[in-house]
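Visitor: Residue strings, one per chain:
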Amino acid sequence: MNASATDSASARSGAAAVGVSVEELSKDFNGFPVLRGITLTVNPGEIFVLMGPSGSGKSVLLKHVVGLERPSAGRVLVDGHDASDPATRGRVRMALVFQAGALFNSMTVYDNLALYPREHRLGTESAIRDKVMRALQILSLENAAGKVPAELSGGMRKRVAIARALVMEPQLMLYDEPTSELDPVMSATISEVIATLREQYHVTSIVVSHDRDLALGIADRVGILMGGRLVSLGPPADLRAPTDPRVADFLNPVIDLRNPRFRQLAG
Amino acid sequence: MAAETANAPEENESILTAAPKQVVRPFVRVLEGIGSCLRLLFEAARHIPTLPRQFGRFIEQCYLIGYTTLPIVAILSFFIGSVLALQSGYAAANIGPKQFIGLLVGLSMARELGPVMAAVLLAGRVGSAIAAELASMKVYQEIDALETMNIPPARMLVLPRLAAVLAMMPVLTIMSDLVGWFGGAIVAKYTHFISIEPASYFATMRQYMDFSDVLNGLVKAEIFGFAVVLVCCNIGLNTRGGPREIGASVTRGVVTSLILILVLDYFVTKALM
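In order, the protein sequence lines correspond to chains A and B.
As numbered in our numbering, residues 1 to 267 make up the first sequence, in order.
As numbered in our numbering, residues 268 to 540 make up the second sequence, in order.
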């Protein structure tokens, strides 16, 4: 997409992309440290992919950015505003695509998408309808508008969750494991959707994922979180030849039947 | 041995400090619950101006709280009125003043049993459903999704329910009173050791009761219903964990509501005397 198209898309969304600054962020749950002194910056319009093993604190970091968790120490700034202040959600439009979708099970797909503009009175019912149908069209979900979430497949739920976020015309889009539990083709589709949304709407994106292909394919920068610490931060090309042995093992795990990991850990 | 001796004072200390903690903890929890409910109430009250545009949700909640609870309230109240007439008739058979059965059933239903039964059924039927729905929304991150959308759950999920219960409790209570009185009248007429004509039964009721007795019951019902819905909303929204905690929240919601109804009943009755 050329610069003028991006600018027009940005103008259509009504607000510019925002940056995120994480400063010495630490979080404990009942005395157990989950995040330890994380410092990083995400630039406006960037796709930042956060990788790391399960339980390394990726989703917790994402919840801090959107203000669902309060830091034990340090702070997160979104466009210069403290993310833990509820008023920030009124100043900056942020959308989080939850790992399990977090769709409203009692509503149809259409009503799930229309909830945000209706509640914030962002137009007439026909304008909202146009907006919702456009979002459904972008994600090839036109036929699912009348269905309830229980009738959808895992991939469709993820796409509905992205479409719901898209209707918000966010300045900052956060994705929690958007390709988990999906087949390779659907994973590639979701990666393409994330990249296309950035191109069309110039939205800042933070993607938490285990998916190496997604990181290599769409990320501007990749951070790797291990044991609550940021152990690597750089362009996706760094993932091809990691210098840290822990990162290398995480990205290119070797299946060794003679000396399996669970026995090494037990020993 | 030396180590054991050295540890002994620490153990004693921990027992001494742990015991008061065990005693204090339930009180702290109760105070935390009250604080949390009040915070939710103020948060919901802040959004009262949005109520007119939430009219659809208000009507939906009126249907769930009022219309669907009405049959069970009617059935129970009929039999409560019947049993009241039966028991008082049995007692009066030995003493004599059977004509006061109408007054006894009338006053009992209007001032006490009508509002209490309506609130108890509300806790069992509606309170449990509210706690389950909101707890499920919390566990499956729907509440988090609302917050990220800058849609306060207190506005969308709590306020319409509180408004609906205020609108529906008088309806449920009046229905409970009327059906209870009617049940008592039938039993009073057709039970051989009572045999009072409905005209006589209702005449004593009219003679010795006035609207303030019914109003007294309506005030109680409003307070009980409001407390039940607020407590169940609060418990649902504060659920943490998985599916097991949804069940635990439902149980906690119903049990807390029932205790609250009886505790409030004493204080409100005393205040209205």
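Do not rely on the hints blindly, as some may be mistaken.
Simulated pairs of lysine to aspartate or glutamate, DMTMM-like, Cα-Cα distance not exceeding 20 Å [claimed, not checked]:
#1 A:K63 to B:D480
#2 A:K131 to A:D111
#3 A:K63 to B:E379
#4 B:K537 to B:E464
#5 B:K537 to B:E379
#6 A:K63 to A:E23
Cβ pair distances, simulated, as ranges [to be verified]:
#7 B:R507 to A:L257: 34 to 44 Å
#8 A:E199 to B:R292: 35 to 45 Å
#9 A:P44 to B:R292: 22 to 32 Å
Think of the hints as simulated: they come from the structure by calculation, not from any bench.
All C-beta atoms in this analysis are idealised placements derived from N, C-alpha and C, irrespective of residue type, glycine included.
Visitor: Does each hint hold? Answer for all of them.
Guide: Status of the hints after comparison with the structure:
no., hint, result
1, A:K63 to B:D480, "54 Å, violated"
2, A:K131 to A:D111, "12 Å, holds"
3, A:K63 to B:E379, "49 Å, violated"
4, B:K537 to B:E464, "34 Å, violated"
5, B:K537 to B:E379, "12 Å, holds"
6, A:K63 to A:E23, "15 Å, holds"
7, B:R507 to A:L257: 34 to 44 Å, "40 Å, holds"
8, A:E199 to B:R292: 35 to 45 Å, "55 Å, violated"
9, A:P44 to B:R292: 22 to 32 Å, "48 Å, violated"
When the structure is compared with the earlier hints, violations turn up for hints 1, 3, 4, 8 and 9 and for no others.
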